[in-house]
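> Here the protein sequences line up with chains S and D, keeping their order.
This note's numbering puts the first residue of the first sequence at 1, with every later residue one more than the last.
This note's numbering puts the first residue of the second sequence at 1, with every later residue one more than the last.
Bear in mind the hints are in silico, worked out from the structure with no lab data behind them.
Model, not experiment: these values are computed from the prediction.
Keep in mind that the hints are not guaranteed to be accurate.
What the hints assert, rightly or not - Listed next, the stretches of chain S that the computed footprint assigns to chain D, with coverage defined by at least 3 CB atoms under 8 Å from CB atoms of chain D:
hint : segment
1    : 1 to 9
2    : 29 to 43
3    : 56 to 69
Unchecked claim - Beta-carbon label-pair distances, calculated as ranges:
hint : chain 1 : residue 1 : chain 2 : residue 2 : range
4    : S       : Y42       : D       : N780      : 47 to 55 Å
5    : D       : D620      : S       : S35       : 28 to 36 Å
6    : D       : F598      : S       : C9        : 32 to 40 Å
Quick reminder that beta carbons are idealized off the backbone N, C-alpha and C, glycines included.
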Amino acid sequence: MFIINCPYCGERDHQEFKAGGEAHIERPKQPTELSDDEWAEYLFMRKNIKGVQFERWNHAHGCRKWFNMVRDTSNDQIILTYKMGEKPPAQ
Amino acid sequence: MTNDLRVKSSEFIDETVRISFKFNRKTYYGFKGDTLGSALLANNVHLVGRSFKYHRPRGIMTAGSEEPNAIVQISNGTDRTEPNVRATEVEIYEGLEASSQNCWPSVDFDIGGINNAISAFLPAGFYYKTFMWPASFWEKYEYFIRHSAGLGKSPTEKDPDVYDHRYVHCDVLVVGAGISGILAAKNAAKNNLKTLLVDEKNELGGSTIYQNREFNKIENQSSSDWLKKEIQELRNIENLEIKTRTSIAAFHGYNYLLARENLTDHLEKKDKQGKIRQRLLKIRAKKVILATGALERPLIFNNNDRPGIMLSSAVKKYADFYGVVSGKKNIFFTNNDSAYESAFCLHNKGIKVEAIIDIRESSNSKIVKAVEEAGIKIYWSSTIVDTTGYKRLNSVSVMKLSNDGLSVTGNKMNISCDCLGVAGGWTPAVHLFTQSGGKLTFDENNKVFLPDKYPSEQLSVGSCNGDFEIKEILKNLSTNLKDFLKIDKTDFENINVESEEETSKRNIWLLPSDKPIGKTKPFVDYQNDATAKDIKLALREGFRSIEHVKRYTTTGMGTDQGKLGNMHALGIIADTAGVKMGELGTTTFRPPYTPLTFGTIVGRNVGEYFDVFRRTPMNDCHINHKAEFENVGQWKRPWYYPINGETMHQAVQRESIAARESAGILDASTLGKIDIQGSDASEFLNRVYTNAWSKLGIGKCRYGLMLNEDGMVYDDGVTTRLGGNHYLMTTTTGGAANVLGKLEDYLQTEWPELDVYLTSVTDHYATASICGPNSKKILNKIIPDLDLSEENFPHMSFKEAQIGNIKCRIMRISFTGEHSYEINVQANYGKALWEKCMEAGKEFNITPYGTETMHLLRAEKGFIIVGQDTDGTMTPIDLQMDWVVSKKKYDFIGKRSLYRSDTMKEDRKQLVGLVTDDPNIVLEEGSQIVSELNQSPVNMLGHVTSSYYSPNLKKSIALAVVRGGKNMMGKKLFIPMENKTINVTITNSVFFDEENKRLNA
């Protein structure tokens, strides 16, 4: 039942958005150089924190832009949203 | 009408409008303003239902939405019937018919009442313990358990009413229109805040509006008179909207609330017609003020459930508000002062109050003194140990309480009565607060849970926040409102209020009896027949968590969600287990607060509006061809086109032969289409598809396979290079939206440096695909000036052309293995295109075919369907599609995963063809494949993914995924079915025209 502040459109109902998992996991530039373990780390391992978590969201039924969100998963409070490519705020 | 149970006329009841209604087929009369509950009491009907488990006679206990007993079936036997409706909430109307539930043959004589006599054999967990063994008997038990389960009867007819949904936005939502809610709403609205005030009742004013407590005065008037003037003022305030008969069902995060507004339930049948019955309000409020009040608690004592035993506050409300006397010989049983208000009110109306039984040692308050002076007998330090009267209370037995409150002493005294008002204190209605995520704290002194930490911009005021006396309520309300709404002053902060504070309290969760607890029935949850004895049994059997005890004993699991008895259940558990209530916590309060109808939940989304669907521009043509449709994603696609009563099988066989022998036509408009432009478009395709794209010539088409990063096949389709920096990608019908989302994801987050723009153009084009040996002739008839020679327009290429004035894009691509063309026109010309093709194809008997024939034809060619032959665990290597995976490209989505140890295993499930030894047996899709029969456990090798009878090959064919199947060509395997075993042989997955000669025929 969130109201999400899309960095491009402003506040919108959560029904317009899709969640996209943990944020700030960069796709390796040279995947072939990686060992199976290193690739698996990128591919499968996600934190799923109870507490403050960095997430990716997509304004799927709006501007279609992906952006980042800082959310406390324990009480669903959205602390911040910011554009892709912007640096995550200090913890 | 015998009217000796009506007292002086109440201003809330219009005695000039007499209303007739039926209860259990008997006609009664009431007045405008009555609820079913008050009207029944006025007719001296207390027995209205039977309890769930023991079928004990039960009467009306409350005067509100917390009612556990008086739940009835409305309009039984009609299409408007509704079960489990609280008689205390139903406003009567002419023609209302209600009946008792959970009794047979009648509420007066109920066969199920035998359960009461054998109740000693029906303890908590009876079903769990009894119907365990032998396991094979469960099916027999189930029939009887199902038969005895449930209360009312669901409607069997289609709901004739219309329901609605509406979004509401406001600055301040005030829930509850008692004195706190009214003052909060008024002060919010007057300070330019857009305010919505809702209340579940049809009148504003809560309990203050009718109950004049003797020693409460506001501005030297009775509190009700003062509040009436406030309500008058409300009507003239801008910014304030008031909704009565509106109950909040759910309070979600971010101040999102759902409310049910009841619009016609109180109207007689002729006035209901053509109107919206109930409306679900979806409210977004910047701030929420909860003024939900408090619910009176009963006391838990032996046989505390007989008809005639009511909450003390309900007795008072029936007398004050409805002008109805619940009994002629009244007794009150209490642990606090509020029962004295009820007793004094009856006394003043000339109704006999026999006695007040008070578990406290004394009280010095003015109201107690007043009652004493009126000559009403008070038994201090006493408790009721038993009651008698099967269908109506006729006496109570009273004994002295010991000092510790754990036992009784002295002589037992019987007092005859027909109504017992019980007052066990007040429980703040914190349900909505906790639903929203609020955390409670336990107030040891008052034995109540109170709001502690607010999760959103909200405020609890009045008695739901633990303020029970009017002076305290108004003082705290003013202070908290100013802070919460950021306003300088309230219009009631300086008024003169007098009220009395409660002087003494004594709380005993379970009152003792002279009998051992095993021989008593102290009900905690009336509706589900859970007693204190059951709770103690659960604790003895080792249950500790409150959530477990709740489920084991079913305490609080009825339609009333235990609004009356949950606190006692917690108290008894805490006392018995020796823990503090604050540490024990509460069970979870879940929405809805009161039950919602399904109609309200779904609103207008019924019938054809149940789900969103999409139709292609050629839809009318398919209807003219009598197509049967199937759902593909949101699309309605033609499935097959039966002629003259053909079965699906017959139609598909005919369509398949026509497509291969002469010409077929398919509506391919639903395929996802993504327009890709930008100087890096080729590089982008290189990264998202497994094969290479840089060298694709302009005007050429190429098949592409898209993987997930884990290497598993995600989507496929043909992409055409329209220009140097311009491509048109097609996706599967069902995957279009997700593919676009995924591509955008990579573009925006991983490769923002690429100059690429994506646009969904699925809806912009209509596509007709014509195939078969005569397709070339048909296209030539439609566009005579287009050179269709192999040199000019070969397979896997693209041309732009004109059909008359209509521009079209034509791709020569094939999903059937036949020579074929996909013709795309602007969507609004789709129908014209289809008709043109049909007309030109007439001499070749062009045959429209649907998705089923398309699936069959592609299966003959061994072409996969993503989502049917793949399930998110298949790599392109598993599909034996190595040819589409570039070895040269450094990277593409999913490439690295193809070299993981797991994806390189030899014995992964791989796609193969299967033929049955008996060519007439068609396998069932999903059948399991084994290599050994009579093995235990059976080693399952894989399963059938696609299976058809091929009319062109005159035999059954199938695709399957089989462990290590790649190296098992010619191997004989088995498919065990329920009654037989089918012998199959693994083959190549291309069954038809392996050399692709027909593509260029």
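> Compare the structure with each hint and give your call.
Hints, verified against the model:
1. Requiring three or more residues with a Cβ within less than 8 Å of a Cβ of chain D, the coverage given for the segment 1 to 9 of chain S holds, as 3 such residues are present.
2. For a cut-off of 8 Å, the count of residues in the segment 29 to 43 of chain S with a CB near a CB of chain D stands at 8, and the three-residue condition holds.
3. Residue count for the segment 56 to 69 of chain S with a Cβ under 8 Å from a Cβ of chain D: 6. That meets the three needed, and the coverage hint holds.
4. The hinted window of 47 to 55 Å between Y42(S) and N780(D) holds, with their beta carbons roughly 54 Å apart.
5. With their beta carbons about 59 Å apart, D620(D) and S35(S) fall outside the hinted range of 28 to 36 Å.
6. The supplied range of 32 to 40 Å is met by F598(D) and C9(S), whose beta-carbon atoms lie about 34 Å from each other.
Hint violations for this structure: number 5 only, all remaining hints satisfied.
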